[in-house]
Structures are given as C-alpha cells and as structure tokens.
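Engineer: Sequence:
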Amino acid sequence: MWNQIWPSTLNDFPKLASSVAHVYGKPRAFSESFAAYHISPTIPQAKFVVDHQIARGINFFEFMFWPAGSKHRNWMSDPGMKGLNEYTNRTTYLMSQGKPGARIAMYYPTSTMWLGNNEVYKDIVTLTQQLLTHQRDFDYINDDAFTEALTIGPGYLENKSGQRYETLIIPSSDVISASAWKVIETFSSRGGKVLFWGRKPASF
1 MWNQIWPSTL
11 NDFPKLASSV
21 AHVYGKPRAF
31 SESFAAYHIS
41 PTIPQAKFVV
51 DHQIARGINF
61 FEFMFWPAGS
71 KHRNWMSDPG
81 MKGLNEYTNR
91 TTYLMSQGKP
101 GARIAMYYPT
111 STMWLGNNEV
121 YKDIVTLTQQ
131 LLTHQRDFDY
141 INDDAFTEAL
151 TIGPGYLENK
161 SGQRYETLII
171 PSSDVISASA
181 WKVIETFSSR
191 GGKVLFWGRK
201 PASF
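The UniProt record's numbering puts the sequence shown at residues 1 to 204.
It should be emphasised that the hints constitute simulated quantities derived from the structure, not laboratory data. Hints may be right or wrong, so weigh each one.
As the list claims (entries may be wrong) - Below are the DMTMM-like pairs computed for lysine to aspartate or glutamate, each with C-alpha atoms no more than 25 Å apart in a straight line:
hint, residue 1, residue 2
1, Lys99, Asp123
2, Lys182, Asp144
3, Lys99, Asp144
4, Lys160, Glu185
5, Lys99, Glu86
6, Lys193, Asp123
7, Lys122, Asp137
8, Lys182, Glu158
9, Lys193, Asp143
10, Lys122, Asp143
11, Lys200, Asp78
Using the sequences provided together with the hints, build the complete structure.
Structural biologist: Pasting the structure below:
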C-alpha cells in the first residue's frame, strides 16, 4: 500500500482484497503498509491507516520500514510503536477467528470496465460509500466467482468461507457473462434478492 489512505481521502480498495479472501475461503487478507508515504506518519496517523483497513476486512499486516541511520531516525523507533504493534497483532488475531458475516454481495463489473466504460467505477465508489456509511458490510464478487466459488441455496449464495449472501446488488453494468447471469437468475428464482442500482446490463 502506498499513501492512498489518509484522513482526508476516501479509499475503500482494501475491500477488494478482503472480498477475494472471503469468497474463496482464505483466512487472511494481507496488506504491506507504509511503503511509500511522502512524510512518515505519526503513531496516531498510522493507527488510522491500520484501523481503516481492519474495518474493511484486512487481518494481516507487514509494516514497511528501512534501517535508521546516524542522521535520521526511523519513524518506527517512536516509543508509541510498540503499542501500535501490540494493538495490531491483537486486533488482527481476533479478526481472523470465526467466519465473515456480511449478507450482502456487490457485483464488480470487471467486464464492463474491460470494454472501456470506466464511468461505472464512480457508481461503485458511491454505492460502496453508501453501504459502509450505513454499516452494511458486503463483499465484491465478479463474474468468475459465480461459477468458481459460489453455490446456490434457498434464498442465498454461499461462498467457500461458509458465508451466505442473501442480497446481490448489481451496480451500473453494460455486460454480465452468461455463466454468471445463469447463477443470478437461479439465485433470484430460489428467493434471493437481486437489486439493480443504476443502469441495467444490455448484454448477458
């Protein structure tokens, strides 16, 4: 992770990593943090960056560092660093126990963006912010996940973590693969909730 996460920015990309981990049954979602911050963060700023990611499902960290020299101290030599490390270790351990609990899945329109329509990304950002602001946890899923990692039950899609999605939100999309659409149709016919947010796909 570079310096994309800061108190003045809105970046929810850690959800991409945690979503893949949840969907495919992986117990950890990893972040290499603080690799290229222009100004070394203070301990409170570093904790903000860590908390921002933990709240979005990251539960395994490597803090990037470089050796301190005789002229310049490494920011990790700050006396508060020990407390931040202990906090991060304890919190990520707790976050790696049990299984994810989100009941909402959001379709990630990768194929639409591959076709050159990057405007849909704005809709994803807006919808993501709406869900997180209202404390509605979710996972992103793409076309491949429908056939590789999800099974259909009565009113739910179950991923490889044993997590069950009862609602699928489809943001503005131009296309959805035929194999993914078949799963979506079956999910809907068996009582699952499918919500379109914005423009419906023109091709399946």
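Engineer: Confirm or reject each hint.
Structural biologist: These are the hints, each one checked on the structure:
1. Lys99 with Asp123: violated (29 Å)
2. Lys182 with Asp144: holds (12 Å)
3. Lys99 with Asp144: Holds, at about 22 Å.
4. Lys160 with Glu185: holds (20 Å)
5. Lys99 with Glu86: holds (23 Å)
6. Lys193 with Asp123: holds (20 Å)
7. Lys122 with Asp137: holds (19 Å)
8. Lys182 with Glu158: holds (16 Å)
9. Lys193 with Asp143: At roughly 18 Å apart (the allowed maximum being 25 Å), Asp143 and Lys193 satisfy the hint.
10. Lys122 with Asp143: Distance of about 19 Å is within 25 Å: holds.
11. Lys200 with Asp78: violated (52 Å)
Checked against the numbered hints listed earlier, the structure breaks hints 1 and 11; every other hint is satisfied.
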